[in-house]
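2 protein chains.
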Amino acid sequence: MSLLVVGSVAFDALESPYGKVDWTLGGAATYFAVAASFFAPVSLVAVVGEDFTAKDEAIFKGRHIDTEGLERVPGKSFFWAGKYSENLNERVTLATDLNVFAGFQPKLPEKYRASKYVFLANIAPDLQRDVLHQVKGTPKLAALDTMNYWIERTNSELRETLKHVDILMINDSETRQLSNEHNLMRAAKHIFKMGPSTLVVKRGEYGAMMVDKRGVFCVPAFPLEEPHDPTGAGDSFAGGFMGYLAAAKNLSDATLRKAMVYGSVLGSFTVEKFGLDRLRVLKRSEIHARARHFAKLTQFKL
Amino acid sequence: MSLLVVGSVAFDALESPYGKVDWTLGGAATYFAVAASFFAPVSLVAVVGEDFTAKDEAIFKGRHIDTEGLERVPGKSFFWAGKYSENLNERVTLATDLNVFAGFQPKLPEKYRASKYVFLANIAPDLQRDVLHQVKGTPKLAALDTMNYWIERTNSELRETLKHVDILMINDSETRQLSNEHNLMRAAKHIFKMGPSTLVVKRGEYGAMMVDKRGVFCVPAFPLEEPHDPTGAGDSFAGGFMGYLAAAKNLSDATLRKAMVYGSVLGSFTVEKFGLDRLRVLKRSEIHARARHFAKLTQFKL
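If you read the protein sequences in the order shown, they are chains U and V. Per the numbering used here, the first sequence runs over residues 1457 to 1758. Per the numbering used here, the second sequence runs over residues 1457 to 1758.
For reference, chain U alone in the conformation it holds in the complex:
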């Protein structure tokens, strides 16, 4: 079933102990769409500037990614520059040039309005809510990502938007900041009162955790010897997770657990190379092999 994503398509300059790239395609919606497209057709809503060329757009071609909602406007695309620490766990933002993204007003093409699976990547909460209004009826599943900036500066807008989403998908520190609870179990209870019935916490090198009324599910991060660049890992996780759910068409506990695994699989591939380099060449067979590897990582028999 078609999966709508609204978020950023951007250019990044990235530096880690493993190398440096000065200009590479990035953005949450890009990582999400490419990752999700391995499982289900994706409808993309984003905005780019004149620096976004046919060569950049090529990444969406030949995949099940509809780009009718990719708006092009005069000016430059969103640009982000960051540098990772020796251990890849910390990063310094060197530049955040919003450019055309500053005026982003997501507009869903008519054919997107029937989307049943919706992912609201990290953008202003009022825009996220506006996207939900443009979707016809109630989506089968709406998930949302956000960040400290919105939690701090537009908290009431975010709270209003959260009333309308099923899954909140954020990292440890965002979970703690939003709920004002260090303990993630108590944090989840707070967040359930805000609207979402499922909390997915992305924990970087520690994996991911899902909490809902049925219980808790944990999946570790894939142990890589040479992670190169964490950029986009969380968005790739979200893409694998939502893509798997959109393809599965049911929301059973067993399906959500598998979605967590496939999200982790996609996230783990992304960090293997810079930017989108690994996802560009990723094969379905590799995805399934790594999912089986995740089973080996975690399974035991009492």
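None of these hints come from the bench; they were simulated from the model. Since the structure is predicted, the reported quantities are computational estimates derived from the model, not experimental observations. Relax, there's no trap hidden among the hints.
Below, in silico cross-link-like pairs of lysine-lysine (BS3-like), each with a Cα-Cα straight-line distance of 30 Å or less:
id, chain 1, residue 1, chain 2, residue 2
1, U, Lys1645, V, Lys1729
2, V, Lys1739, U, Lys1645
3, U, Lys1645, V, Lys1757
Just a few of them, taken from the derived set where beta-carbon distance is under 7 Å, the chain U residues facing chain V:
id, residue
4, His1638
5, Arg1713
6, Lys1714
7, Val1717
8, Leu1753
Glycine included, every Cβ here is placed at the ideal spot set by N, Cα and C.
Chain U is already provided as a structure; the job is to place chain V on it using the hints.
Then chain V, alone, in the frame of chain U:
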């Protein structure tokens, strides 16, 4: 099969946001022995002072814990005082009074010398090696814990001792410090060259990871809403892990995975209350129920 533990029996003063105790029995060997005794008979080697009373010793009675190796000498027992931060993740040491522990020279009673399973809790590496020399023949399994103090100050002694152990069981930061590698997969490779064939990394609220030549196994921490006191969690983990192995009498991958789970189960109970309060009243049925809960936390079917 009998399991030998050599380490500290101490008194602790503990403070966390959940409360405060001024004087409670603690020490790595105490937590280890109590946790392991749910699975296998334990032989304890430690030293205490005159402040250690029959009331304190009662914790070992009625369990399969042999205290012939618990030496009593004039003076005070090892005393540690610590205070945990709001989130329990950081702690400040307020006092470390080694007292009689400063002169600790582990002496194995004759009947302990046939031990086939040996756990060397966190003491000076030369003493750990001396214990191994006192054991007759080569133990079936020797595991060792250590800390930053020994890694920094007695590195070559530690390296010498590591040549003779099978399992190194330490936390994230110790793993990184010892191997000089941030990445845990590369750290494991370094550590295998030092002697151990298995690395167990204790990661606190993120669970534990085991790496050996057969692969990697990850187990999450049990999600608790109200952890009270992390003191002894790692030692209880080690006790559950080694106790399970000593009872299982084989070292297959499947057995080691189950040992990781039972280690996590024991660690998770310990943090529920202050000091040994939870382990004192713990029942075998609760252990098995929580192990099944760990399965629920992690299992999925592709």
